[in-house]
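Next come the chains, spelled out residue by residue.
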Amino acid sequence: DVKVTQSSRYLVKRTGEKVFLECVQDMDHENMFWYRQDPGLGLRLIYFSYDVKMKEKGDIPEGYSVSREKKERFSLILESASTNQTSMYLCASSSGLLSYEQYFGPGTRLTVT
Amino acid sequence: GENVEQHPSTLSVQEGDSAVIKCTYSDSASNYFPWYKQELGKRPQLIIDIRSNVGEKKDQRIAVTLNKTAKHFSLHITETQPEDSAVYFCAALSPYSGNTGKLIFGQGTTLQVKP
Numbered sequence: 001d002v003k004v005t006q007s008s009r010y011l012v013k014r015t016g017e018k019v020f021l022e023c024v025q026d027m028d029h030e031n032m033f034w035y036r037q038d039p040g041l042g043l044r045l046i047y048f049s050y051d052v053k054m055k056e057k058g059d060i061p062e063g064y065s066v067s068r069e070k071k072e073r074f075s076l077i078l079e080s081a082s083t084n085q086t087s088m089y090l091c092a093s094s095s096g097l098l099s100y101e102q103y104f105g106p107g108t109r110l111t112v113t
Numbered sequence: 114g115e116n117v118e119q120h121p122s123t124l125s126v127q128e129g130d131s132a133v134i135k136c137t138y139s140d141s142a143s144n145y146f147p148w149y150k151q152e153l154g155k156r157p158q159l160i161i162d163i164r165s166n167v168g169e170k171k172d173q174r175i176a177v178t179l180n181k182t183a184k185h186f187s188l189h190i191t192e193t194q195p196e197d198s199a200v201y202f203c204a205a206l207s208p209y210s211g212n213t214g215k216l217i218f219g220q221g222t223t224l225q226v227k228p
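So the protein lines, in turn, are chains A and B. Here this note's numbering is used: position 91 in the first sequence is 91, and no number is missing along the way. Each number in this note's numbering corresponds to the 1-based position in the second sequence with 113 added.
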């Protein structure tokens, strides 16, 4: 059974702080993704990674960066948090070769005050 | 650019009725179309998918149809039950992303099934 975990369910940070969101998957998946979910806007892709140290921008990368030093771990970094980054952040992974199904983590509800 | 439009944004039906959610995709080279269900407070999960070499796929009370010419696909839920209440997302595989599995998601449909 695929398991995708995220470091925090709820997080409250102040404007200007550096924020780290971590995601870990245990199925040796090649691909990992970070989305943000806002009402009425669906799931918007921030960044994704198809291999260790490989990353590509998604649709809304501004204000974010990512790191993938190990295959199982994909981190999302908010360099200087702003109030408009208050959102639900979802991580996902997929094998890519055998299946395109994405397995999602439980989400992190980030509030920036 | 790559885009998926999903309608309606909200849908309310009586228990036992059918529900239909429609999506349109922009790139004719897309060849994989999944549907995800997200119950309140939970993570999205795949419920059904279809590839472009198939016109229809069924799994018990849910079915997906694909019209490649018109570039649209639909989710059909028959005999709806209260537990079908959730947000449903359609998606299309980006045809230019190799094996990265990048999906383009629609905006989501909130389905409410009234008992």
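Hint data in this document are derived by calculation from the structure and do not stem from the laboratory. For glycine and all other residues, C-beta sits at the position ideal for the given N, C-alpha and C. Among the hints, a few may not be true.
Computed footprint of chain B on chain A; a stretch qualifies when at least three of its residues, placed anywhere within it, have a C-beta under 8 Å from a C-beta of chain B [stated by the list, open to error]:
id : segment
1  : 36-42
2  : 45-53
3  : 71-84
Q.
Please list, smallest to largest, the hint numbers that this structure does not respect.
A. Number 3 - this is the single hint that the structure violates.
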